[in-house]
Amino acid sequence: MERVDQQTLELAQTGDIAAFSVVVESCADQLYSLAFRFLCNGPEAEDAVQETLLRVYTNLPRYDGRFKFTTWVYRIATNVCIDRLRKRKLESSLDADRDDGEAEGTDWYDRLPGFSPTPEEELLRMETCNEVQRALADLPPAYQSVLILRYIQELSLQEISDIVHLPITTIKTRIHRGREAMKQLLMRLPVS
Amino acid sequence: MTCDEARTSMHFHLDGDDHLHVQNARQHTASCMHCERHMLDLREVEDRLRTLKRYAAPADLKERILLAVRDTTQKRPLRARPQMP
Numbered sequence: 064m065e066r067v068d069q070q071t072l073e074l075a076q077t078g079d080i081a082a083f084s085v086v087v088e089s090c091a092d093q094l095y096s097l098a099f100r101f102l103c104n105g106p107e108a109e110d111a112v113q114e115t116l117l118r119v120y121t122n123l124p125r126y127d128g129r130f131k132f133t134t135w136v137y138r139i140a141t142n143v144c145i146d147r148l149r150k151r152k153l154e155s156s157l158d159a160d161r162d163d164g165e166a167e168g169t170d171w172y173d174r175l176p177g178f179s180p181t182p183e184e185e186l187l188r189m190e191t192c193n194e195v196q197r198a199l200a201d202l203p204p205a206y207q208s209v210l211i212l213r214y215i216q217e218l219s220l221q222e223i224s225d226i227v228h229l230p231i232t233t234i235k236t237r238i239h240r241g242r243e244a245m246k247q248l249l250m251r252l253p254v255s
Numbered sequence: 009m010t011c012d013e014a015r016t017s018m019h020f021h022l023d024g025d026d027h028l029h030v031q032n033a034r035q036h037t038a039s040c041m042h043c044e045r046h047m048l049d050l051r052e053v054e055d056r057l058r059t060l061k062r063y064a065a066p067a068d069l070k071e072r073i074l075l076a077v078r079d080t081t082q083k084r085p086l087r088a089r090p091q092m093p
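Top to bottom, those sequences are chains W and Z.
Using the working numbering, you'd call the opening residue of the first sequence number 64 and step up by one each time.
Using the working numbering, you'd call the opening residue of the second sequence number 9 and step up by one each time.
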């Protein structure tokens, strides 16, 4: 994320929309990448970025500078994405109760009648089938988030520790287990 | 050093730590084919995670957010903490 200068930040804290647009410009791309890796779905990632930045705007007057601004924004974004994953899990378990796996293999696009994706959307959709992304999506959110923050956002262990409010030793343990789990998922011997 | 110990220490090596146990693990790995393979696999996991594409946010998303912000009220700041004399 690009750094936003103090003056702009203070203006945005008083509700200055022009100043807030600088904030949006500085972090929208990174947040979209983050949300996309969590949710594996373009439209849902867009919703998550919007929800994140509206929360940032709403709570901005209460941002007290105790953590770096980007750390504070990442914390909100990570919480928004994990909440959405939890809700999705809950909904799919309710669906599974209703009809026994009838919707197996359908995805977001299939559920919209008469919706034909544009070439870019089709590309995004294929990318979501990328096996690394799939393996990542198979991990519990606690591991998923540290791997995304470490390898996609390229943050330091200290920053990740500030974002998720856990000690560095815990972050390391999660990264270690996350790497082992990814190895298992990606390098399974082919079934003969 | 056992293979299990070496595999635990490998992760600290990947994190950039250089404790004695990491150095011992490096020595072990140099002479153990299985652990060397394990290390290469973990590096590959890292490389593959790093090469996942980053996407730019769709242009209209930023516009939509700024429109929505106009209808959003900010919370009031929390009262400033009392200053130390």
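Don't read these hints as lab results, they were simulated from the structure.
A virtual CB, placed ideally from N, CA and C, is assigned to each residue, including glycine.
A few of these clues could be false.
[Said to hold, decoys possible] Now the stretches of chain W that chain Z is said to cover, found in silico as 3 or more residues with beta-carbon under 8 Å:
no.: 1; stretch: 80–92
no.: 2; stretch: 218–226
no.: 3; stretch: 234–244
[Said to hold, decoys possible] If you anchor each label on the Cβ, the simulated ranges turn out as follows:
no.: 4; chain 1: Z; residue 1: Met9; chain 2: W; residue 2: Met250; range: 18 to 26 Å
no.: 5; chain 1: Z; residue 1: His42; chain 2: W; residue 2: Ala200; range: 26 to 34 Å
no.: 6; chain 1: Z; residue 1: Met9; chain 2: W; residue 2: Asp158; range: 27 to 35 Å
no.: 7; chain 1: Z; residue 1: Met9; chain 2: W; residue 2: Gln69; range: 26 to 34 Å
For the range 27 to 35 Å, tell me whether the beta carbons of Met9 (chain Z) and Asp158 (chain W) fit it or not.
For Met9 (chain Z) and Asp158 (chain W) the Cβ distance comes to about 49 Å; the hint is violated.
Do three or more residues from the stretch 218–226 of chain W put their C-beta atoms closer than 8 Å to C-beta atoms of chain Z?
violated (count 1)
Quick check: the stretch 80–92 of chain W, covered by chain Z? Criterion 3+ residues, Cβ under 8 Å.
holds (count 7)
CB-CB spacing for Gln69 (chain W) and Met9 (chain Z) relative to the 26 to 34 Å hint:
At roughly 50 Å between Cβ atoms, Gln69 (chain W) and Met9 (chain Z) fall outside 26 to 34 Å, so the hint is violated.
Could you say whether the range 26 to 34 Å given as a hint is met by the Cβ separation of His42 (chain Z) and Ala200 (chain W)?
Once the Cβ atoms are compared, 29 Å apart, the range 26 to 34 Å for Ala200 (chain W) and His42 (chain Z) holds.
Quick one: see if chain Z covers the stretch 234–244 of chain W, three-plus residues with Cβ-Cβ under 8 Å.
holds (count 5)
Given the hint of 18 to 26 Å, check if Met9 (chain Z) and Met250 (chain W) actually sit that far apart at their C-beta atoms.
With a Cβ separation near 23 Å, Met9 (chain Z) and Met250 (chain W) satisfy 18 to 26 Å, so the hint holds.
Taken one by one, the earlier hints fail for this structure at numbers 2, 6, 7, listed in ascending order.
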